[in-house]
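J.: The task is to assemble the complex, starting from two chains supplied on their own in separate frames and drawing on the hints.
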Amino acid sequence: MISALKIEDLAIQRGERVLFRNFSLEIAAGEAVALIGANGAGKTSLLRAVAGFLRPIAGSLTFIGADGPLPADDARRAVCHMVGHQDGLKPGRRAREELIFQARWTGGDEPAALAAAARLGITRLLDLEVRVLSAGQRRRLALARIIASPRALWLLDEPLAPLDAASRALVGTLMTEHLDGGGMILAAVHDPLPIAVRTVEIVG
Amino acid sequence: MTVLMVLIRRELSLAWARGGGALLAVGFFVAAAVMLPLSLGPAPARLAAVSAGVTWVVLSLASLLSLDRMFERDFDDGALDLLALGPLPLEVVAAVKCLAQWTVSGAPLSIAAPVVAVALGARPEAAPMIFVAAALGGLAFAFLGGTGAALALASRRGGVLIAVIVLPLLTPPVIFGGAAISNFADRLPWITAVSLLAAYALACVALTPFAMAGACRNAQS
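Here the protein sequences come in this chain order: A and B. So our numbering is basically just the index in the first sequence, starting at one, shifted up by 33. So our numbering is basically just the index in the second sequence, starting at one, shifted up by 4.
Looking at chain B on its own, in the form it has when it is part of the complex (with noise of 0.2 Å):
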């Protein structure tokens, strides 16, 4: 086994042991979908009008949850020093825990984003490509919400932080996210807006990792 499968291995046992795992951004996200027919009515026509951008409101502060603690805790328990002094980069090592914390958030939200989305009133036809946005959505916030948690290390208190950081980064994807089911709904095409978010998720995947890895050096020194 390389070393590399040894780092994702241990990456992904830490996350998910950390803060609930999977049922925590899952269970968030279904209750809060909820409360949308609780305040607005249960008029079916309304509430479709506004089920895409919804669900990806949603989706994008689910993602937010258990992002301080990816890159705090090995920073404060001096994982982190140790990380530094192995074999791979710490872009790799970034890298390898936004996969993790996607695995626990990104990966169970994609499954859950179609079925609240249909039941807010989305046309079931669009489960398959509500489940791709939601999971190159996914990709996104995950290697964005790292590069938050990174930036706001060695800061006590670094929840609010990071979302602040975050959210508005996370804009892109709630966009194109949108757009893509509201444009499928409205019978429209709906390519382009996923084009655009796998793109973005790309990106992020390609970028973010140089800088969550200077983010953490900084935080060391």
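Just chain A, with the same shape it has in the complex (with noise of 0.2 Å):
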């Protein structure tokens, strides 16, 4: 369990361009936060970073647990959550499949994936192949893995926006169980998240 997430004077580059410089935030536990800024302005790349996938060019990133620093590496394996546009399911493998493996991968169990389907409603749909859900049932089946295997770090890339008005609703429930936990989001959006959140611009 971390207790925060410090991100100092971070800047990240693509290519030639640097998306963003001297970026700092600081997440606490119970808290989120939500990324806004144009197309291209890098909130992807920031929940990239922050994950582990891209090396900024410069600044830091500090999980913070109950004890002080922890090993970046280590930390994200153990607290973060990523859900964003590509969601690593199978399309030829049925959803049940799909869900229960990214549980147990990322530390859940069996019994809690199927009660995480039950809570997205997708129970009906788990033993159907992934190439056949839409859009929605695909990132509903997203977040029933991260339901399923409790994760301090929540970083969702547009988590609505596939997503149905009631589905909506039922994520920002979610969201809000989520954090009273102790939990933390960091969430890329366009759209405004159902629940009460600090808004952060990136600005290039």
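Note that these hints are calculated values from the structure, not bench results. Warning: the hint list may mix true and false statements.
[What the hints assert, rightly or not] Residues on chain B that point at chain A, a partial pick, calculated with CB under 7 Å:
hint, residue
1, V10
2, R14
3, L16
4, D81
5, G82
6, A83
7, L89
8, A223
9, Q224
10, S225
Fair warning: this is a prediction, and the values are worked out from it, not measured in the lab. Beta carbons: idealized from backbone N, C-alpha and C, even for Gly.
T.: As structure tokens, then:
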């Protein structure tokens, strides 16, 4: 479990272009931050840098545990959930197999995965192949994984984009529960999130 | 069930579902080997003289099939990101992928290899040795193939690129494996060749996962 994520003076470059410099942000347990910014401002890149996929050209990312800073790579493996445009779900496999694998791989178990599926209203879809699911159904399957295996830091990239109104409200409830349990959310969004959040803009 | 077993089961099922599975590699191997008597003529002495070399060349080519999808699908659909955030290091994930690839390609080919070699004129007593050598060689092929597949990530149409990266690295197993079969045929010591083959295969198993994980991280960034 981590108690805070500290981003200091971060700068990220993609190709020859520096997306942003001197970006600082601190998220404490129980807090949600919505990242906004124009297309291409670097919201997704920031999320990927927090998850450890992109190496920043300057600045630091610190995961702070109960006893001070944690080794970043170990912390990421233990606390980060990332849900983005690419959900890693295999089109040819059944939703059930994929959900259970993803939940177990990130630290959950099968009963938790099935309970999460019920929570997101996708139980009756579990025997279908992922290829036949709609974008919104796939997103709900991906979100079921992060409910099934509790990890403190949710990195969400446009989490609501393919969802219908009822699902958006449900995701809001799930987010609130996650925050009440001491979790953290960093979400890149264009539409406002259904919960009260701190909004931070990325300016290039 | 441990998380490692969960990963192994998934990778096995994905490897067997990918591109026709074992039948494809074995079918290609047998079909390509059958071309040889058709092109050289059916003279048994001539075929027997080249059977060892041809068996290994065709084995190495058959092991290239379906390599391009080993990492590419996971990269394209985001599964590689999920795998990177799991409890096991990417090095372990890469090694499991290669072992899964070996069960689809190397293991079935090592059963087909003695049949093909003997059909081409190798001595039937050589069959067990050819099986062991092909299984070891297949292990090296799978791990080296995985390295090529990981290096070619993010390049569109990586299939040919993988072959060009991987084939030069496959020469030691081809040399040692071919030498083992031809030494056996000539009643010369063949243990050394099989030992060298085993050493090369184990070195590949031990070292290439680091290269694969590095290449995957590079592609993700």
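J.: Mind listing which of the numbered hints don't hold for this structure, in increasing order?
T.: When the structure is compared with the hints, numbers 3 and 8 turn out to be violated.
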